[in-house]
Amino acid sequence: MIKRTLYFGSQAYLRTNTEQMVIELSESGEIKSAPIEDIGVLILDHQQITITQSLIAKLLANNVALITCDNTHHPVGLMLNLDGHTLQSQKFQCQVEASVPLKKQLWQQTVEAKLVNQAAVLKAERINNKYILNLAQKVKSGDSDNCEAQAASYYWKYIFPDFLEFRRERYGPPPNNLLNYGYALVRAIVARGLVASGLLPTLGIFHRNQYNAYCLADDIMEPYRPFVDKIVCQIIRGNGRFLEMTPSMKKMLLEIPVMDVLIDGQKSPLMNAVQRTTASLAKCFEGKGRKILYPVLE
Amino acid sequence: MFNRLNAYRIMWVLVFFDLPTETKKDRKQYALFRKRVLADGFQMFQFSMYIRHCSSRENADVHLKRIKSILPPKGHVGIMCVTDKQFGMMEIFRGHDLVNGPETIQQLELF
Numbered sequence: 001m002i003k004r005t006l007y008f009g010s011q012a013y014l015r016t017n018t019e020q021m022v023i024e025l026s027e028s029g030e031i032k033s034a035p036i037e038d039i040g041v042l043i044l045d046h047q048q049i050t051i052t053q054s055l056i057a058k059l060l061a062n063n064v065a066l067i068t069c070d071n072t073h074h075p076v077g078l079m080l081n082l083d084g085h086t087l088q089s090q091k092f093q094c095q096v097e098a099s100v101p102l103k104k105q106l107w108q109q110t111v112e113a114k115l116v117n118q119a120a121v122l123k124a125e126r127i128n129n130k131y132i133l134n135l136a137q138k139v140k141s142g143d144s145d146n147c148e149a150q151a152a153s154y155y156w157k158y159i160f161p162d163f164l165e166f167r168r169e170r171y172g173p174p175p176n177n178l179l180n181y182g183y184a185l186v187r188a189i190v191a192r193g194l195v196a197s198g199l200l201p202t203l204g205i206f207h208r209n210q211y212n213a214y215c216l217a218d219d220i221m222e223p224y225r226p227f228v229d230k231i232v233c234q235i236i237r238g239n240g241r242f243l244e245m246t247p248s249m250k251k252m253l254l255e256i257p258v259m260d261v262l263i264d265g266q267k268s269p270l271m272n273a274v275q276r277t278t279a280s281l282a283k284c285f286e287g288k289g290r291k292i293l294y295p296v297l298e
Numbered sequence: 001m002f003n004r005l006n007a008y009r010i011m012w013v014l015v016f017f018d019l020p021t022e023t024k025k026d027r028k029q030y031a032l033f034r035k036r037v038l039a040d041g042f043q044m045f046q047f048s049m050y051i052r053h054c055s056s057r058e059n060a061d062v063h064l065k066r067i068k069s070i071l072p073p074k075g076h077v078g079i080m081c082v083t084d085k086q087f088g089m090m091e092i093f094r095g096h097d098l099v100n101g102p103e104t105i106q107q108l109e110l111f
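Line by line, the protein sequences give chains C and S. Residue numbering for the first sequence follows my numbering, starting at 1 and increasing by one per position. Residue numbering for the second sequence follows my numbering, starting at 1 and increasing by one per position.
Chain C on its own, in the form it takes in the complex (with noise of 0.2 Å):
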């Protein structure tokens, strides 16, 4: 099943009763509670959170991840319980021993996947995307000729209306701000489905920025960018050049996880994908199979 996202970005006390999380807002007065076995997910964003330990532990015993952030907003801390997969320690060993021509055939394949995707969203804004297809079929082992690369300038060039000027940076002006946010719910989404499949996020199979926690994750997240920016166009087609983040622009966003996805034939919500991907991840690394499931934007 699809279990939920909780993030927390104002003052807020959880503590919890009865297996569910209660939640004090401080600001309105409310409370709120949230069966904890159908959390996935829960990221605490502010100075003054306060959690009891209690409900710590129940969150764990319930295979929830629990990210906190810095002052920045940066996540720093991953929480996960010891044994989120019953073989655990022997899935992180198949991860931590894989070898360097298996991880750049997986990277391949998640490179094809992406600009196959990127291709997909291009075509659904009539954008010739020949360009880019031509790119995916010519994507080589460990992707040495960083095809992503260039499918990147190409993508980001003509993705979004001439009028917006657009240029991708993490802290540039509209609609980078949607494409982040966006990212951000896919990434904490993978980052679990990786930890629920008994791997470590943090070990990555391209990405290994030292300083990122979770590079495994940004590996495997990028075939699901392009459904982000689907999202994203959707929401310029509604509302032109004004692209500061409005409730009903965070509610399109917030609706991502349940998105249509077609993989491996067949349809399913984007969270549940994940896992099917990560589950297949894990697969690879053991040597039981060769193939990462990829979801196809239609």
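Just so you know, these hints were derived from the structure itself, not from any lab. Since the model is a prediction, treat every value here as computed from it, not as a measurement. The C-beta atom is built at its ideal place from N, Cα and C for all residues, glycine as well. Hints are supplied without guarantee of correctness; some may be wrong.
In silico lysine-lysine, BS3-like type, Cα no more than 27 Å apart, as pairs [said to hold, decoys possible]:
hint, chain 1, residue 1, chain 2, residue 2
1, S, Lys-85, C, Lys-32
2, C, Lys-91, C, Lys-104
3, C, Lys-32, S, Lys-65
4, C, Lys-58, S, Lys-65
5, S, Lys-35, C, Lys-58
Okay, the calculated bits of chain C under chain S, using three or more residues with CB under 8 Å as the criterion [unchecked claim]:
hint, segment
6, 10-23
7, 31-37
To give an idea of the chain C side of the interface with chain S (calculated C-beta under 10 Å), a few residues [unchecked claim]:
hint, residue
8, Tyr-7
9, Lys-251
10, Leu-254
11, Glu-255
Position chain S relative to chain C; hints supplied.
Same frame as chain C, but now just chain S:
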């Protein structure tokens, strides 16, 4: 783009019960049952009527099964499943005023 999870797949499980409260033992059984229902993530809708949002049929089955496993020895318990579509068509009144029903739970929530 959002058909897989829709108002026909999301389910609400309703549990309604009449339990005897004559003896001290009965009351204890009643309190225990009610507490277990709450622990399973149900919320009170009216007295002796509890509801739970389930994101899929499969998930609803889990909670149906769980309620069946904690039934009290005596008393009258009803369990019902309706789709979110049907649940959403319910009209709720406070006095003569139409009020909003419980919100459908979002997969991702910002506080």
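Taking the numbered hints from earlier one at a time, note which ones the structure violates and give those numbers from smallest to largest.
-> none
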